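Residue numbers (numbering that gives the first Met the number 0), protein chains in the order written: chain A, 0 to 156; chain B, 0 to 156; chain C, 0 to 82; chain D, 0 to 82.
These are calculated hints, taken from the structure and not from any lab test. Incorrect hints may have been included.
Just the calculated beta-carbon pair ranges, DEER-fashion [said to hold, decoys possible]:
(1) S13/B x Q58/C: 42 to 48 Å
(2) A51/D x E7/A: 35 to 41 Å
(3) Y139/A x W35/C: 46 to 52 Å
(4) P85/B x A21/C: 26 to 32 Å
(5) Y139/A x A62/D: 16 to 22 Å
(6) T125/A x T43/B: 55 to 61 Å
(7) R144/B x W35/C: 33 to 39 Å
Computed list of chain C residues with no C-beta within reach of chain B, every gap over 10 Å [said to hold, decoys possible]:
(8) I6
(9) G7
(10) R8
(11) D11
(12) G30
(13) W35
(14) A44
(15) A55
(16) Q58
(17) E59
(18) A74
(19) P77
(20) S80
(21) G81
(22) G82
Source: prediction; values computed, not measured. Note that beta-carbon positions come from the ideal geometry of N, C-alpha and C, so glycine has one too.
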Amino acid sequence: MSVVIQTEPFDPASALAAFTARQNGEPGAIVTFSGHVRGEGGLTALELESYDGLTEREIARMETEARTGWPLLDVMIIHRYGPMAPGEAIVFVAAAAKHRRSAFEAADFLMDGLKTRAPFWKKEITETGARWIEPRAEDYVDASRWATAAPKQETSP
Amino acid sequence: MSVVIQTEPFDPASALAAFTARQNGEPGAIVTFSGHVRGEGGLTALELESYDGLTEREIARMETEARTGWPLLDVMIIHRYGPMAPGEAIVFVAAAAKHRRSAFEAADFLMDGLKTRAPFWKKEITETGARWIEPRAEDYVDASRWATAAPKQETSP
Amino acid sequence: MAKLVFIGRLRDIAGCTEETAALPAHVRTAGDLLSWISSRSELWAEALAHPAVRVARNQELVAPGDAVADGDELALLPPMSGG
Amino acid sequence: MAKLVFIGRLRDIAGCTEETAALPAHVRTAGDLLSWISSRSELWAEALAHPAVRVARNQELVAPGDAVADGDELALLPPMSGG
Numbered sequence: 000m001s002v003v004i005q006t007e008p009f010d011p012a013s014a015l016a017a018f019t020a021r022q023n024g025e026p027g028a029i030v031t032f033s034g035h036v037r038g039e040g041g042l043t044a045l046e047l048e049s050y051d052g053l054t055e056r057e058i059a060r061m062e063t064e065a066r067t068g069w070p071l072l073d074v075m076i077i078h079r080y081g082p083m084a085p086g087e088a089i090v091f092v093a094a095a096a097k098h099r100r101s102a103f104e105a106a107d108f109l110m111d112g113l114k115t116r117a118p119f120w121k122k123e124i125t126e127t128g129a130r131w132i133e134p135r136a137e138d139y140v141d142a143s144r145w146a147t148a149a150p151k152q153e154t155s156p
Numbered sequence: 000m001s002v003v004i005q006t007e008p009f010d011p012a013s014a015l016a017a018f019t020a021r022q023n024g025e026p027g028a029i030v031t032f033s034g035h036v037r038g039e040g041g042l043t044a045l046e047l048e049s050y051d052g053l054t055e056r057e058i059a060r061m062e063t064e065a066r067t068g069w070p071l072l073d074v075m076i077i078h079r080y081g082p083m084a085p086g087e088a089i090v091f092v093a094a095a096a097k098h099r100r101s102a103f104e105a106a107d108f109l110m111d112g113l114k115t116r117a118p119f120w121k122k123e124i125t126e127t128g129a130r131w132i133e134p135r136a137e138d139y140v141d142a143s144r145w146a147t148a149a150p151k152q153e154t155s156p
Numbered sequence: 000m001a002k003l004v005f006i007g008r009l010r011d012i013a014g015c016t017e018e019t020a021a022l023p024a025h026v027r028t029a030g031d032l033l034s035w036i037s038s039r040s041e042l043w044a045e046a047l048a049h050p051a052v053r054v055a056r057n058q059e060l061v062a063p064g065d066a067v068a069d070g071d072e073l074a075l076l077p078p079m080s081g082g
Numbered sequence: 000m001a002k003l004v005f006i007g008r009l010r011d012i013a014g015c016t017e018e019t020a021a022l023p024a025h026v027r028t029a030g031d032l033l034s035w036i037s038s039r040s041e042l043w044a045e046a047l048a049h050p051a052v053r054v055a056r057n058q059e060l061v062a063p064g065d066a067v068a069d070g071d072e073l074a075l076l077p078p079m080s081g082g
């Protein structure tokens with residue numbers, strides 16, 4: 000299990016290589032999510048602000064929720080903050096499980112949480128100025144899917 | 000878009016590197032699934048049989064279904080057949096979209112299809128013999144989720 | 000004559016990869032083909048009873064009602080399972 | 000005295016990163032703090048009206064009913080958005 004919050008750029012493929020290498024051959028399924036800065040609308044940079052200890056602690060809490068909710072063998076979360084260029088990776092989530100359903104659902108759950116509950120604040124910088132951006136309405140709807148039903152446990156090996 | 004059926008081993012991290020490199024900075028979300036041979040139950044090898052043109056054609060059909068059902072920017076499918084050792088990758092699916100929901104759902108859909116509709120036949124080889132294995136009941140249940148409702152289209156950018 | 004192709008565990012039952020066979024007159028569809036092969040033995044009947052068993056005609060999946068004919072390559076496919 | 004910390008777009012409204020302030024006697028909870036800051040201006044009232052605005056007390060998220068007091072580091076957090 001690992002949670003890393005960093006300002007340095009990172010490469011999702013290298014993260015997947017490291018994640019796969021640290022498995023012992025047990026997981027049948029690894030799901031990853033990579034979030035990248037989209038360069039649309041004249042965006043020149045995206046800047047993420049964090050808040051000291053709160054950011055890392057809240058993300059670690061989500062990781063614990065995911066491991067409580069699904070039978071995961073391993074989880075990796077890497078989240079950048081500070082200024083980023085279009086195309087660069089903002090976030091990487093990997094979930095390993097015996098079977099794919101748990102890995103898919105946990106990665107999906109973690110991303111919904113990161114989008115709406117991770118203590119980061121986002122500013123889009125374009126040629127004409129800067130503006131703070133907030134979760135889309137869909138992000139809150141997506142995140143609410145997990146509150147209504149307890150995550151499923153696997154019923155068979 | 001690419002669909003590759005091969006006997007050679009492959010590395011999911013290298014596949015993600017290649018997939019990410021061929022994007023033009025447009026996708027905000029890339030979801031990957033890597034399926035690995037699990038070494039449990041004394042398994043020494045897993046052997047996948049394919050059937051000539053049928054296998055590649057049916058997988059290409061699923062890829063088309065995924066691109067019809069979700070607004071995807073790119074899809075990559077790599078599927079191995081022949082003999083494989085525990086820990087090795089069997090399958091890699093990557094889906095790129097502007098937003099994460101499409102990428103998650105399409106990857107999930109493709110894996111459910113590959114598990115139950117891809118023309119492969121699996122034999123587990125253990126120290127004590129060999130046996131053919133078939134989809135678990137859950138695999139058919141998972142796959143049936145997609146038949147009841149048309150996949151959602153994204154409602155906002 | 001049709002070429003019957005046995006895939007996966009059905010090959011173990013057939014004891015061979017392929018077989019050249021004259022289709023009986025009553026075998027006009029993929030479903031008829033499955034019934035005909037099922038009648039060969041209890042083992043065949045059991046193996047083909049799974050609802051996910053499929054027939055491919057000339058390397059294309061067909062439905063139980065689809066026609067089959069002499070000259071075809073007819074593959075009997077046990078439940079598929081990739082990933 | 001409490002240390003008020005302004006995050007993200009709330010910093011733009013405050014015009015500063017931090018402010019040392021004596022909490023009025025009626026500000027006993029995180030919810031009271033939001034009401035008090037909202038009363039500073041129309042701009043503040045609008046910015047804090049979003050249901051996803053949160054307060055962190057000494058770098059821990061708190062609920063509207065949770066106590067705040069002099070000596071605390073009280074951060075005003077606009078809607079969070081990672082990923």
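Here is how each hint holds up against the structure:
Our hint of 42 to 48 Å for S13/B and Q58/C is violated, since their Cβ atoms are close to 31 Å apart. A C-beta distance of roughly 29 Å is found between A51/D and E7/A, which places it outside the suggested range of 35 to 41 Å. Distance hint for Y139/A and W35/C: a CB-CB separation of about 58 Å, inconsistent with the stated range 46 to 52 Å. Here the CB-CB span from P85/B to A21/C is close to 45 Å, at odds with the stated 26 to 32 Å.
Separation of Y139/A from A62/D is about 18 Å and conforms to the stated range, judged on CB atoms against 16 to 22 Å. For the hinted restraint 55 to 61 Å between T125/A and T43/B, the CB-CB distance of approximately 57 Å keeps it satisfied. A hinted range of 33 to 39 Å holds for the C-beta pair R144/B and W35/C, which are about 35 Å apart. A cut-off of 10 Å between C-beta atoms contradicts the statement that I6/C is not in contact with chain B; the least separation is 6 Å.
Residue placement check: G7/C does not keep its beta carbon more than 10 Å from all beta carbons of chain B (closest about 3 Å). Some Cβ of chain B comes within 10 Å of the Cβ of R8/C; the nearest lies about 4 Å off, and the non-interface call is violated. For D11/C, the condition that its CB be more than 10 Å from all CB atoms of chain B is violated, with the nearest at approximately 8 Å. At roughly 19 Å from the closest C-beta of chain B, the C-beta of G30/C stays outside 10 Å, upholding its exclusion from the interface.
Under the 10 Å C-beta cut-off, the non-interface status given to W35/C relative to chain B holds; the minimum distance is some 21 Å. For A44/C, the shortest C-beta to C-beta distance to chain B comes to about 17 Å, beyond the 10 Å cut-off, and the non-interface label holds. In this structure A55/C is not separated from chain B by more than 10 Å, as the shortest Cβ-Cβ distance comes to only about 5 Å. Consistency note on Q58/C: stated as away from chain B, yet its beta-carbon is not over 10 Å from all of that chain's, at 5 Å minimum.
Not every beta carbon of chain B lies more than 10 Å from that of E59/C, the smallest distance being close to 7 Å; the non-interface claim is violated. Not every CB of chain B lies more than 10 Å from the CB of A74/C, the least distance being 6 Å, so the non-interface label is violated. The Cβ of P77/C does not lie farther than 10 Å from every Cβ of chain B; its closest approach is about 6 Å, which violates its non-interface assignment. Against chain B, the non-interface label of S80/C is violated: not every CB pair exceeds 10 Å, the least being about 5 Å.
Non-interface call for G81/C relative to chain B: violated, since the shortest CB-CB distance, roughly 3 Å, does not exceed 10 Å. Distance check on G82/C: its Cβ comes as close as 4 Å (rounded) to a Cβ of chain B, failing to clear the 10 Å threshold; non-interface status is violated.
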